[in-house]
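**Student:** Chain residues, written in single-letter form:
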Amino acid sequence: MDIKFDLGLVDYTIMGVYFVFVLGIGWALRKYMKNASAFLEAGRSIPAWVAGLAFISTNLGALEVMGMTGSGAKYGMLTTHFYWVGAIPAMIFLALFMMPFYYGSKARSVPEYLKLRYDEKTRGLNAILFAVMTILASGISMYALALLMETVLGWNFHLSLMLSAIIVLGYTYLGGLSSAIYNEVLQFFIIVIGLLPIVFLSLKQVGGWSGLEHSLAPIVSAKGYAADTFTSTWKYTGNAKANPLGVEWYGIAAGLGFVLSFGYWCTNFLIVQRAMAAESINAARKTPLIGAIPKMFIPFLIIVPGVVALVLMNDPSSGFSIMVNGKENYDLTIIMLLKQYLPTGVLGLGITALLASFMSGMAGNVSAFNTVWTYDIYQSYIRPVTGNKEADDKHYLKVGRLATIFGVVVSIAAAYLAGLFGNIMDFLQTIFSMINAPLFAVIFLGMFWKRTTGHAAFTGLLAGFLVALLHHGLTVPEGATTLVKGGWIGVVHTYPVEMAQNFWTAIFAFTTSSVVTVILSLITKKIKSDEELVGLVYSMTPRTNVVVKEWYNRPVVLASIVGVICVILSIIFW
Amino acid sequence: MGLDIRIPIGLIFTIFGLIISIYGLFTNSNTEMYAKSLSININLIMGLLMLVFGTFMLFFARKKKQD
Numbered sequence: 000m001d002i003k004f005d006l007g008l009v010d011y012t013i014m015g016v017y018f019v020f021v022l023g024i025g026w027a028l029r030k031y032m033k034n035a036s037a038f039l040e041a042g043r044s045i046p047a048w049v050a051g052l053a054f055i056s057t058n059l060g061a062l063e064v065m066g067m068t069g070s071g072a073k074y075g076m077l078t079t080h081f082y083w084v085g086a087i088p089a090m091i092f093l094a095l096f097m098m099p100f101y102y103g104s105k106a107r108s109v110p111e112y113l114k115l116r117y118d119e120k121t122r123g124l125n126a127i128l129f130a131v132m133t134i135l136a137s138g139i140s141m142y143a144l145a146l147l148m149e150t151v152l153g154w155n156f157h158l159s160l161m162l163s164a165i166i167v168l169g170y171t172y173l174g175g176l177s178s179a180i181y182n183e184v185l186q187f188f189i190i191v192i193g194l195l196p197i198v199f200l201s202l203k204q205v206g207g208w209s210g211l212e213h214s215l216a217p218i219v220s221a222k223g224y225a226a227d228t229f230t231s232t233w234k235y236t237g238n239a240k241a242n243p244l245g246v247e248w249y250g251i252a253a254g255l256g257f258v259l260s261f262g263y264w265c266t267n268f269l270i271v272q273r274a275m276a277a278e279s280i281n282a283a284r285k286t287p288l289i290g291a292i293p294k295m296f297i298p299f300l301i302i303v304p305g306v307v308a309l310v311l312m313n314d315p316s317s318g319f320s321i322m323v324n325g326k327e328n329y330d331l332t333i334i335m336l337l338k339q340y341l342p343t344g345v346l347g348l349g350i351t352a353l354l355a356s357f358m359s360g361m362a363g364n365v366s367a368f369n370t371v372w373t374y375d376i377y378q379s380y381i382r383p384v385t386g387n388k389e390a391d392d393k394h395y396l397k398v399g400r401l402a403t404i405f406g407v408v409v410s411i412a413a414a415y416l417a418g419l420f421g422n423i424m425d426f427l428q429t430i431f432s433m434i435n436a437p438l439f440a441v442i443f444l445g446m447f448w449k450r451t452t453g454h455a456a457f458t459g460l461l462a463g464f465l466v467a468l469l470h471h472g473l474t475v476p477e478g479a480t481t482l483v484k485g486g487w488i489g490v491v492h493t494y495p496v497e498m499a500q501n502f503w504t505a506i507f508a509f510t511t512s513s514v515v516t517v518i519l520s521l522i523t524k525k526i527k528s529d530e531e532l533v534g535l536v537y538s539m540t541p542r543t544n545v546v547v548k549e550w551y552n553r554p555v556v557l558a559s560i561v562g563v564i565c566v567i568l569s570i571i572f573w
Numbered sequence: 000m001g002l003d004i005r006i007p008i009g010l011i012f013t014i015f016g017l018i019i020s021i022y023g024l025f026t027n028s029n030t031e032m033y034a035k036s037l038s039i040n041i042n043l044i045m046g047l048l049m050l051v052f053g054t055f056m057l058f059f060a061r062k063k064k065q066d
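Those protein sequences? They're chains A and B, same order as listed.
Just so we're aligned, residue 0 is where the first sequence starts under numbering that gives the first Met the number 0, counting upward by one.
Just so we're aligned, residue 0 is where the second sequence starts under numbering that gives the first Met the number 0, counting upward by one.
Hints may be right or wrong, so weigh each one.
Said to hold, decoys possible - Straight-line Cα separation of at most 16 Å, EDC-like style, residue types lysine to aspartate or glutamate; simulated pairs:
id: 1; chain 1: A; residue 1: K33; chain 2: A; residue 2: E389
id: 2; chain 1: A; residue 1: K105; chain 2: A; residue 2: E278
id: 3; chain 1: A; residue 1: K3; chain 2: A; residue 2: E149
id: 4; chain 1: A; residue 1: K33; chain 2: A; residue 2: D391
id: 5; chain 1: B; residue 1: K35; chain 2: A; residue 2: E149
id: 6; chain 1: A; residue 1: K234; chain 2: A; residue 2: E212
id: 7; chain 1: A; residue 1: K449; chain 2: A; residue 2: D529
id: 8; chain 1: A; residue 1: K338; chain 2: B; residue 2: E31
id: 9; chain 1: A; residue 1: K30; chain 2: B; residue 2: D3
Stated by the list, open to error - Partial chain B-side listing against chain A, Cβ under 10 Å, derived:
id: 10; residue: Y22
id: 11; residue: G23
id: 12; residue: S28
id: 13; residue: M32
id: 14; residue: A34
id: 15; residue: K35
id: 16; residue: L47
id: 17; residue: L48
id: 18; residue: M49
Calculated from the structure, these hints are not laboratory results.
Beta carbons are placed, not taken as given, at the ideal position from N, Cα and C, and that holds for glycine.
Chain A extracted, bound-state conformation (with noise of 0.2 Å):
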């Protein structure tokens, strides 16, 4: 199959005014770069709309647009519970519940919460977790964008990858965390508006969404499914073999809408910063109530056309196929149907679409990285404040630019890392999933209990990540052809799809974790004052009612219409 696509000028003039852009934000910002924090917290000065775009921007990475519309063709509508209980009810919950900690403690991170709220070594182990993490998640999206840019623009791959690195680190080390920020809400609007002709054309060719269900049901039947389960979203989830993800509702609600939604929402920094960069304390609780608008509605964009393309792959006279080498690949879905529909013009501006959207997920990373760095390990571990602050100041925007370039270096070197070992992206997905879920039961926790240790919660991120660990040693997926997928102790239990498998190591991890959490706290001796608590937990901070006149500025009001139309929703994909 040829997956090269011919571009013409106008399409390369498209992508040429894109790069303009995207710089010149960098640029226009770099005189406000005075001090570490303008340059790391964007001053904390981000009007909520901007970082409620920005927020959901940075989640809608290039990995997600491919893999969700790869999903779309592979599990059908089913791939919605990602969107609306997967990250939905987590978004709510941040705002209203989270955030006012997270940004009334005056943390700079999520690391620094936990120092705040719990010591030092709890926020040492986070926060080197997370640096590493993020580096190698930066490495990845580079090493995805110049295998992209190599096999379907036929570019030079040392090439992309260096022209990729130069424009992200170009950006984000003029304007820092503010224009990462400023132009995610470019790049949501160029991805949104990009991909919107592929979701016009595809729905329009197989006769809208009745032709969709009719043209699905003997594919689907084929498969050995009720006729219309590509099309629903819970009515097939009552047995695990009834449906293509392979698990029940409860697996779906417990795994996806709890453990590993609010794990990802709630707790990585990467999109807790956004929120924290807001101008205010209502900004920041409204920001992730803004981002879950659009999100509700981006399965629409990723997701429909993959249940589309399920539907060309299955008809020859389309032409359509993501086959490489005789076996499918999903995550080629988008872009073979940006190369079936768009002529060029419009396929210049889809192109446009994908390159904003590995930017805004590696400029994402980076942001974050040289966040943490600079405040959670460099200035605990390596050089203290020295309490003269204007010095301080400068030196700290220093080691901040500095550590954007090393971040930018390092992923380099991870990019040609992953290329080197196939394997290790899904490898590092699944360690990532493992820190997620303890974190999150250590953080809520600390948030709504003031007994909770600081022993505790490092014991129990330590505990919950070494039983996703061994549960994953002990699992494998059907047929399963390599041990980073499982297994690697030996065979206790398998699981019909990978997908459960992630869900049980999550919800495992997370129980494991609560429950020493919980035991240890109870039995070691609570170190922190109710006074030091005061802010940071729950019921230790006096409700502020901060009078809002507006309606529709109130993060309850925004909330519960987040929540209504998140219930509409699901309700008519049933």
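Fit chain B to the supplied structure of chain A, relying on the hints for placement.
**Tutor:** Chain B alone, transformed into the frame defined by chain A:
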């Protein structure tokens, strides 16, 4: 931070809109090229859409400045 992000967003979509809609106009008779997009001149449609979106963004940014 003194950057109104609506200005760059408005500008980039106005430029994208102009390039793609003009290109769409010039290629309007090229039926072979638009066979892909189900015989719809998708360039013209998306170009105009982006032009409208870009101008709106610039308009709001300007209005805000005058307030």
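**Student:** Can you name, in rising order, the numbers of the hints this structure does not satisfy?
**Tutor:** 5, 12 and 16
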